Amino acid sequence: MPDTVITYIIRRLVAAIGLLVIVSAVTFSIFYLVPRWAGATPETLATRYVGRAATEDTVKLTAERLGLYDPIAVQYWNWAKGVVVGAEYDYGAGVERCPAPCLGYSFITKQPVWPELLDRIPVTLSLAAGASVLWLALGVAIGVLSALRRGSIFDRAAMTVALAGVSLPIFFTGLISLAFFSYQLGWTVPGGTFVKITDNPIKWAQALTLPWITLAFLFSAQYARLTRAGMLETMNEDFIRTARAKGLPERTVVVQHGLRGALTPIVTIFGLDVGLLLGGAVLTEKTFSLPGLGKYAVDGIVANDLPKILGVTLVAAVFIVLANLIVDLLYAVVDPRVRAK
Amino acid sequence: MTEPNSFLEVRDLRTHFPTDDGLVKSVDGLSFSLDRGKTLGIVGESGSGKSVTSLSIMGLHKGGSARISGEVLLDGQDLVSSSAEEVRLLRGKRMAMIFQDPLSAMHPYYTVGHQIIEAYRVHNKVTKAVAKKHAIEMLDRVGIPQPDKRVDAYPHQFSGGMRQRAMIAMALSCDPDLLIADEPTTALDVTVQAQILDLIRDLQREFNSAVIIITHDLGVVAELADDIQVMYAGRAIEYGTAEDIFDRPQHPYTWGLLGSMPRIDRERTERLIPIKGTPPSLINVPSGCAFNPRCNYASLNEGASETERPELLDIGAGHKVACHLSPGQRQKIWETDIKPKL
Chain A
0 MPDTVITYII
10 RRLVAAIGLL
20 VIVSAVTFSI
30 FYLVPRWAGA
40 TPETLATRYV
50 GRAATEDTVK
60 LTAERLGLYD
70 PIAVQYWNWA
80 KGVVVGAEYD
90 YGAGVERCPA
100 PCLGYSFITK
110 QPVWPELLDR
120 IPVTLSLAAG
130 ASVLWLALGV
140 AIGVLSALRR
150 GSIFDRAAMT
160 VALAGVSLPI
170 FFTGLISLAF
180 FSYQLGWTVP
190 GGTFVKITDN
200 PIKWAQALTL
210 PWITLAFLFS
220 AQYARLTRAG
230 MLETMNEDFI
240 RTARAKGLPE
250 RTVVVQHGLR
260 GALTPIVTIF
270 GLDVGLLLGG
280 AVLTEKTFSL
290 PGLGKYAVDG
300 IVANDLPKIL
310 GVTLVAAVFI
320 VLANLIVDLL
330 YAVVDPRVRA
340 K
Chain B
0 MTEPNSFLEV
10 RDLRTHFPTD
20 DGLVKSVDGL
30 SFSLDRGKTL
40 GIVGESGSGK
50 SVTSLSIMGL
60 HKGGSARISG
70 EVLLDGQDLV
80 SSSAEEVRLL
90 RGKRMAMIFQ
100 DPLSAMHPYY
110 TVGHQIIEAY
120 RVHNKVTKAV
130 AKKHAIEMLD
140 RVGIPQPDKR
150 VDAYPHQFSG
160 GMRQRAMIAM
170 ALSCDPDLLI
180 ADEPTTALDV
190 TVQAQILDLI
200 RDLQREFNSA
210 VIIITHDLGV
220 VAELADDIQV
230 MYAGRAIEYG
240 TAEDIFDRPQ
250 HPYTWGLLGS
260 MPRIDRERTE
270 RLIPIKGTPP
280 SLINVPSGCA
290 FNPRCNYASL
300 NEGASETERP
310 ELLDIGAGHK
320 VACHLSPGQR
330 QKIWETDIKP
340 KL
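Chains as they are written, first to last, in numbering that gives the first Met the number 0: chain A, 0 to 340; chain B, 0 to 341.
Just so you know, the hints here were simulated from the structure itself, not pulled from any lab data.
None of these values were measured; they are calculated from a predicted model.
Every residue gets a Cβ at the ideal spot worked out from N, C-alpha and C, and that includes glycine.
Some hints here could point you the wrong way.
[As the list claims (entries may be wrong)] What the simulated footprint calls covered on chain B by chain A, stretch by stretch (three residues with Cβ under 8 Å from a Cβ of chain A suffice, anywhere in the stretch; the number is not a length): (1) 100-108; (2) 116-127; (3) 330-340.
[Unchecked claim] Heads up, incomplete: computed chain B residues facing chain A, CB under 7 Å, no partners named: (4) 59; (5) 87; (6) 153; (7) 155.
[To be verified] Some residues of chain A that are not near chain B, with every Cβ distance over 10 Å (derived): (8) 128; (9) 135; (10) 140; (11) 202.
Based on the sequences and whatever the hints tell you, model everything.
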């Protein structure tokens, strides 16, 4: 049994690498072809590195060194090679070594992309981790109570709030909560004060409290609705009647038999949501000025900074692919019927 | 209140469900009694109130929207007036139930052993290891091969017959005095049905429990039941020993059930005789006799069936029937009209 699980994981990881190659190739094509269609030449792209003031010769030389005259396939191959084994750039005055995984240099800051991403991943990770724990606990608890007291005042109130939560965008709830809790009441410090958990856990949590709550509000609304629907269905199943016929206390019936049965779709969606979020909670990070992957991506897009966009896309794809794999493995843990297949 | 003289006494049980369309009278005045070691068969079409009766006895309608009245005396204790918690403590311990479809009735995510252990440990303060040993014993007792291995299997890894055996093991794990089997063989292959019925009969002898078999299949009750109660629209319309019901049935509905039962000894060219019409809605039960609109003989009693509800009356030696026809009329119809066609 564990042997088949390991081969399964290896098979999935190989497939995942294939998928990442496709994702990166498509992204690469889009971001390197579209500018050319829009009239950009290798020279104008090279200008972004050397600046407008450079002479024509310098620009051409730079374009040559960066391989911008090469066909797209060769360019992609060089880029992919850089990701796997690292790359060396000869900029005339010397050779710049960019260690693997080399995702190129930002057009704007001239800094290598990978170390910048490494700086931002903890921010997004912290945001996603805290918010997901919060929304899972809150959403499932509210969903279960709503289902058990279907039609009650609690149920109606919770579902109304949940509807609002699903409908309201982050930049609305985020700004409202910032205005109220940070500026009006002064409970939290507004934006841009991310502290690593290893440096100061209390300040870390303080800075993230509001983003967590805002993000969790959006997601727990969705999870409450999902849990409620799942519980309503499961509590009507024959095996619930059997559990009651055995004389189990209602609490055990609800939690161990009902919730356990309703959990499968929640686990699935939870894994995918977290994977998606790790690729950058764009709106939340932007609203609260958190220097995470999402904000990095937006900054890259706004500045036409192709290496940045490509790097974030690749990292986000890795998170989603991994989340998918974990979900599939969890699925087998949650539902024994999946294991046989 | 009279003292109970049987192990299970049901007196004037009524289970009504208020709905937006009106009051659904699923069970409407049911009385019967059952002793230890005896088997009662409850027979009727879908919607006649058989399953609601069993769930009401088990207290599984408590706390819901159902309005339950009457008395259910289990060894003298009234379950209708007892609290939900008191009845819960009896469920699984003194009275247990097995269901129609053992696949959907077992939790797909837990092993068969876990589900039996759980049933045993609610009512017995024992360690998991002791309970597991007991679960293996129970699986062995219901005829599951290699019980020490199968105890760790999931329901979907069992065949239909094995699952029902496991359900029976679960129901009997606390040695209940009353076992209710709700259509226990309906979802099973014909070859397996007989095995399960044999198993229930053997275990009943071993445990000396009272058994209620609920079914629409007269073949099943013929196999197992000492007494048979025929239900129609939430009420008993005939009650008697198996011999009474099969050899001297008195109610036109019972005749209909017998006539629509396939029999191997009947000529193939002869057609089954279905009961005309459909069961009545339980919201608007016909006034008078509920079976009146579908009865071939209602015209013989000068309209009494349309206005007056017949009482369940003893016609001798515990054989009861609720019908306006006179004993003479019934005797004549049975002898000339019904019996020769069966």
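(message) When I compare C-beta atoms, does the segment 330-340 of chain B have three or more residues closer than 8 Å to chain A?
(response) With 0 residues in contact (Cβ-Cβ under 8 Å with chain A), the coverage given for the segment 330-340 of chain B is violated.
(request) Return the status of the interface hint for residue 155 of chain B: holds when the least beta-carbon distance to chain A is below 7 Å, violated otherwise. (result) At about 5 Å, which falls below the 7 Å cut-off, the nearest Cβ of chain A leaves the hint on residue 155 of chain B intact, so it holds.
(message) Please verify that the nearest CB of chain B lies beyond 10 Å from residue 140 of chain A's CB.
(response) About 21 Å separates residue 140 of chain A from the closest Cβ of chain B, which puts it past 10 Å; holds.
(request) Have a go at the residue 153 of chain B hint: is there a Cβ in chain A nearer than 7 Å to its own Cβ? (result) Holds: closest Cβ of chain A sits about 5 Å from residue 153 of chain B, inside 7 Å.
(request) Have a go at the residue 59 of chain B hint: is there a Cβ in chain A nearer than 7 Å to its own Cβ? (result) holds, 6 Å
(request) Hey, is residue 128 of chain A genuinely clear of chain B, shortest beta carbon separation above 10 Å? (result) holds, 27 Å
(request) May I ask you to test the interface hint for residue 87 of chain B with respect to chain A, counting a Cβ-Cβ separation under 7 Å as satisfied? (result) This interface hint holds because 5 Å falls under the 7 Å limit.
(message) Tell me whether the statement that chain A covers the segment 116-127 of chain B is true, taking a Cβ distance below 8 Å and needing three residues at minimum.
(response) holds (count 4)
(request) Measuring Cβ to Cβ, find out whether residue 135 of chain A lies farther than 10 Å from everything in chain B. (result) holds, 19 Å
(request) With a C-beta cutoff of 8 Å, work out whether three or more residues of the segment 100-108 of chain B approach chain A closely enough for the coverage to hold. (result) Holds: 7 residues of the segment 100-108 of chain B have a Cβ under 8 Å from chain A.
(message) Checking a non-interface call: every C-beta of chain B should be farther than 10 Å from the C-beta of residue 202 of chain A. Is that right?
(response) holds, 42 Å
The structure shown violates just one earlier hint, number 3.
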